[in-house]
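As given, the protein sequences belong to chains B and X, one line each in that order. Count along the first sequence from 1, then add 231; that gives the number in the working numbering. Count along the second sequence from 1, then add 231; that gives the number in the working numbering.
Some clues are possibly wrong.
If several chains are the same, the list does not tell them apart, and a pair holds so long as it fits within one copy or across any two.
[To be verified] In silico DSS-like cross-links for lysine-lysine, where the CA-CA straight-line distance does not exceed 27 Å:
1) LYS343 / LYS405
2) LYS720 / LYS234
3) LYS781 / LYS601
4) LYS626 / LYS601
5) LYS754 / LYS770
6) LYS754 / LYS306
7) LYS357 / LYS781
8) LYS781 / LYS770
9) LYS754 / LYS357
10) LYS626 / LYS334
11) LYS601 / LYS681
12) LYS306 / LYS334
13) LYS626 / LYS681
14) LYS357 / LYS347
15) LYS739 / LYS432
16) LYS541 / LYS739
17) LYS334 / LYS347
18) LYS545 / LYS432
Keep in mind the hints are simulated off the structure, nothing from the lab.
There are 2 protein chains.
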Amino acid sequence: MSKHYSVGLDFGTNSVRALVVDVSNGREIGTGVWNYVRGTDGVILSRDPNLARQHPAEYVRGTERSLRQALADAKRNHRGFSPPQVVGLGVDTTGSTPLPLDKAGKPLAFQKDFAKDNDALAWLWKDHTSVVEAGEITSLARQIRPGYLAKCGGVYSSEWYFSKMLHCARTNRKVFDASYLWLEIADWIPAMLTGTEDPSKLSVGVCAAGHKAMYSQQWGGYPDAEFLGRLDPRLAERCSPMPSRAKSVDQAVGGLTRDWAKRTGLMEGIPVAVGAFDAHLGAIGAGISTETLVKIIGTSTCDITIVPRKFPLKDIPGLCGIVDGSVLPDYFGLEAGQSAVGDIFNWFVNYIQPRGAKDSHASLSASARKLRAGESGLLALDWNNGNRTILVDQKLAGMLVGQTLYTTPAEIYRALIEATAFGALTIINRLEEYGVHIGQVVNCGGIAEKNPLVMQIYADITGRPMRVSRSAQTCALGAAIAGAVVAGKQAGGHANFEEAQRAMTGLKPRAYEPDRSAHDVYKELYGLYRTLHDAFGTKDWNGNLHHVMKQLIDIRDRVRRG
Amino acid sequence: MSKHYSVGLDFGTNSVRALVVDVSNGREIGTGVWNYVRGTDGVILSRDPNLARQHPAEYVRGTERSLRQALADAKRNHRGFSPPQVVGLGVDTTGSTPLPLDKAGKPLAFQKDFAKDNDALAWLWKDHTSVVEAGEITSLARQIRPGYLAKCGGVYSSEWYFSKMLHCARTNRKVFDASYLWLEIADWIPAMLTGTEDPSKLSVGVCAAGHKAMYSQQWGGYPDAEFLGRLDPRLAERCSPMPSRAKSVDQAVGGLTRDWAKRTGLMEGIPVAVGAFDAHLGAIGAGISTETLVKIIGTSTCDITIVPRKFPLKDIPGLCGIVDGSVLPDYFGLEAGQSAVGDIFNWFVNYIQPRGAKDSHASLSASARKLRAGESGLLALDWNNGNRTILVDQKLAGMLVGQTLYTTPAEIYRALIEATAFGALTIINRLEEYGVHIGQVVNCGGIAEKNPLVMQIYADITGRPMRVSRSAQTCALGAAIAGAVVAGKQAGGHANFEEAQRAMTGLKPRAYEPDRSAHDVYKELYGLYRTLHDAFGTKDWNGNLHHVMKQLIDIRDRVRRG
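In isolation and in its complexed conformation, chain B is listed as follows:
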């Protein structure tokens, strides 16, 4: 029987990755990575440190190069593989990364007139030029459309779709007026692959629309024209061509064009799934199911879980997003996140502890592993880059308490790991307070794979087993799974996500089980973390902190006595 494969295309901040996956068992048989060439590692910068753009030509070229590499790699590695065995294709991207398009759905950046205009490029997720506009949107929504904010944590971010559009409207009339609509690259790339860029044929994904553009069926789609018009009448105009109904990743936007088939060797017409954000397809690649939290741990984290649509889910304060169908169809996708995790460890190693050795993380982890919970007397807050969930507040900072004259770098390093774990537990607790039970956690990313100390501390602090996703490329794998599902069973793909995930995803065998006695100590420490969290992070806390240092010292002395 002939094998079938699907391809996932994962558009990151600095590169695009193509992954060829065996739909019957999830084996990843070919990989291609194309690093973007324009700007600094693919990111176009300017004097304004907040600006971060990307040229859409990178997506076109990157798709071709990474796909051809991956297919060649698969042929090399896997006897009998040939590109026509690929039955479907999925796409995930960074986001919110909107791109201004003309009336034909082509990027303005491809026009000569705008060739040198940074505002005609894709506005990368990490572009922070739109802080003022984000404040304006939040403030107007609070006044007249509070429901819009309830699904996105109560604050509309400068990283998101309408903030960026509005900033362009305010600061670059030429680009804004020439634009007909703005699409997330998660939508534009699948359209480009299937020749459906024309607004009349266009599909948009509910993941990007719901999480970043205040889209919800609850109010009939995108924000209404009155609301957008109050911000800027042209904003309402630019939104009006958008499809009234966004789709989830079980649907195809179309079939691969003849041109793309020629350029890659894939079959013309194979279905391309609706695009979604990397973390959301990553969650699928990590085997997400109800009561499982998928943590994609990198410089920051994205935490995803799902809840059946029939569940009586309320708005959850402080959660970045709750979107019907944003991960899997028929489920609410719930997104949370920590603004810095790996970045905090990297800061400590690169800025505070530069030892000249490349293995600083390893050597600090080795020393930190010998410490017991509570024995350093330290407690940290993980806010060096603000707090995304549950406080949704960038204007916060890191904190370390409990230093003595003998505190060591390994103790601080461990305290920083613990702080991120306390942050993770705070997210889990918030979900559970609203009835969303989290039984296990599946972790993805380099830290989860390479640092058992981090995983053990996460298990000990959250009191839940930590698992690690089998695939090291969960986002691309998730995209490939979407490709397999839109191909359908008859074409050699899968009937639905449940079946596809069962066949194509898995966990590494090692489970990090919570240590009971460490967990007991951490329960006490978490009480203190939560006190500091609320005291420094919320307006309504009122109290005294006289006990904090004393309790840290008591715990330390008790643990040291053994």
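Once you have looked at the hints, place chain X on chain B.
This is chain X only, laid out in the frame that chain B set:
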């Protein structure tokens, strides 16, 4: 006209220093230092990490060696100097460092029976074996003699005289029962030099008695027998041979014995001043006067000021001690202190930033000097070793708030310096709240002499000029001044301390003046420091800290914009 000289003997934790000083101008013409030989750098340790003792034979041998060295050094350096030109001698020591003595005033440690018993040695100031007993004394005093505590910050310390005696009474009956009385080495060494050890001839200094042994003329001397008896009847017995009236350093305990004259070449009978603690005579050597705070900055600090006896001085909560005559006769001596200053900078350099280079302090200071007040966004508490003034609480710890992903070691180093300066300001403010005005600060010690950044930050934060003492050996100089005063004018010394200080002390020419704009920023930061200080350090604070990080970020952004 023949020159006259005096000698100061400064008994430190690890060594004794003798200093020969020209009484007419304060020139230091000869120095001798003798490092103690027993134990670890002169400190006898045991398995119990709290134990720190010293053998009294060190004081006898150290006196002879350092004196002979200093006199030889003076002869070498200074043509025409001869030891008979020395007209008086003063002594300062660490403390509280009590020593158990027999009925003749000789150390028990000199008896064969006790030769190997650590409890028969001098109990060094930093011996912390008596924590339980200190608690017991504090608690009893709170119940029945609250007045006793009001002069020593509200808490009787484990470092102090009666705690140590009581611990010995409880744990080593043999030594305690064999002891007839316990003397501070500040009292015993002058007695030993003048042959006045016999309890009938004995003098005790008001500095040690007042600051460490709850002595006050207000209640007729040492604590009453009922109070001591409630702790242990034998404690009252051991206290009964103590002189009923303690003396200040303008009085002599006697004349140098023939034996000591022979051993050193000094004249027999020259007066030896009443002994006092190093910081108190150091304050004299630094030129203390009213409205001047002398800060002796080392690993920790001792802060001393004086107030005329006629001033209607109230008890000042949180101050380590207020003792009539403890620094200068006719003035209240006020002692405060910070539990760690240099120790915090050393911790950061030695533990957190070990760069292999010896000049880490210099290189961090050089980078930190380029920063402006507030621009790091950091704020620290200086409690890595607890807080001596004004909280009087060992059970506190360090804290750093405001870290981002880009915080540098120099920023942290500067924040730690600032934290100690905020701690210094808190002490000054407490004094001023009780009417004790502090117009200028005179600093002593290696950090003050070598680190202009620290001095400038202290000036900018306290809003007061910082001066540095001219002498690098202020404690020994202060002791020599006491020697010159007890010698008297006719013998070639001085009539009183005012005259002696005018002649023998001085300041380095450089004055660190507060920078107005830095001071304004630091006023805001001090408000936040004080909020954290009160929130974590006091029981009665009640409030919210939501503004703290935000204000730090606002100040940072404002300063960076310039």
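*Any hints this thing doesn't respect? Which numbers, in order?*
When the structure is compared with the hints, numbers 6, 9, 10, 12, 13, 15, 16, 18 turn out to be violated.
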